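Can you make the complete structure from the sequences, with help from the hints?
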Amino acid sequence: MKIRKLLALSLVVLLVLGLMTGCGQKAEPPKEEKEQQEQKPEEKKIKVGLVYDIGGRGDLSFNDSAYAGLKRAEQEFGLEVTDLEPSSGGEDREQLLRLLAEDGYDLIFGVGFMFTDHIAKVAEEFPDVKFGLIDGAVEDIDSSSNISCLLFKEHEGSFLVGAAAALKSKNGKVGFIGGMKSPLIERFEYGYLAGAKYVNPAIETFSDYVGTTGEAFKDPVKAKELALKQIKAGTDVIYHASGASGVGMLEAAAANKVWAIGVDSDQSLTATDEQKPYILTSMLKRVDNSVYETIKDFIEGRFEGGYRVFGLDDDGVGYAVNDFNKDLISDIQPKLEELKEKVVNGEIKVPADKNEYEEFLKTLK
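Quick note: the sequence shown uses this note's numbering, first residue 2, plus one each step.
None of these hints come from the bench; they were simulated from the model.
The model shown is predicted, which means the values in this text are computed figures rather than measured ones.
One or more hints might be untrue.
Estimated spans, in silico, between C-beta atoms of each pair [as the list claims (entries may be wrong)]:
| # | residue 1 | residue 2 | range |
| --- | --- | --- | --- |
| 1 | Asp-143 | Lys-355 | 23 to 33 Å |
| 2 | Gly-79 | Asn-201 | 28 to 38 Å |
| 3 | Lys-336 | Lys-277 | 40 to 50 Å |
| 4 | Pro-202 | Gly-79 | 46 to 56 Å |
| 5 | Asn-257 | Pro-128 | 48 to 58 Å |
| 6 | Gln-96 | Gly-59 | 14 to 24 Å |
Glycine included, every Cβ here is placed at the ideal spot set by N, Cα and C.
Structure representation (structure tokens):
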């Protein structure tokens, strides 16, 4: 009898302990429910698109600089990015902008002033999409616009490399090769000529243009031909603002052992081993920074429409100093820095077009 009572009591104790253990454990949800709980909603990536100017990626200049800014932002902010290249004649610029807008891109860049009308039109069709226009100015817009025009004082940076050219020239002859004849490229030209004349009013200058259409930015054969013509005339320093065409000028300069000055990005970093010793410097136009800063502002909710201008005062333009050329320009760098300070503080007003240049020359007499 006692044994039966002990067995019954033991069963009761085990039952109570089992219930207590069960209460202390959280019920395991079904497998499907558990998987749903573990899946977190994916954050929507910001989408940024960029359409190149004629010459495209790989021009070792303007377009590549824009791409560098895009890639820097992609890596830093985890963006979804797309870069597109227009047809050889650029007829599909507007189509590519619209394609990106329709595909849900939040911020879209057009690289080059030839996008001006196209961005103005597409931006009106897609008011919720932001646009960055490099080197172009859409009229009558303000900070509330969905277009930010990114502009540069190319003439200021060109003034410094023009001074460098005059300081290093032994023949007293310096040259300029532009891509497409246009007000934009003339800013490079007249800034450069002014810098050379400021240092040496007696210096002889040469200027040539590859052409009058966008194709002029991707014709290295023609640029080389023009460079050889200038070299034959005695020019021993040549500066170009001709996009991918400039590769031809660099080839001609190296082959004839005269100084070359690159443009937009530090071209000694992408030049061949044969060309590097002859690249005196490059006029830096920080398109990469303008793209990066515009993306950063957008992400942080600070995007503003209107016009943003980059110059010497904020290092938006300048000249390159690196391991390849630091010894080449060490003797003239103090003078270049002195001139930079004079431009920044307004003591020197650098001309940006032919009329201003002619007035500038009068002040040197």
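How the hints compare with the structure:
no., hint, verdict
1, Asp-143 / Lys-355: 23 to 33 Å, "31 Å, holds"
2, Gly-79 / Asn-201: 28 to 38 Å, "51 Å, violated"
3, Lys-336 / Lys-277: 40 to 50 Å, "23 Å, violated"
4, Pro-202 / Gly-79: 46 to 56 Å, "54 Å, holds"
5, Asn-257 / Pro-128: 48 to 58 Å, "54 Å, holds"
6, Gln-96 / Gly-59: 14 to 24 Å, "22 Å, holds"
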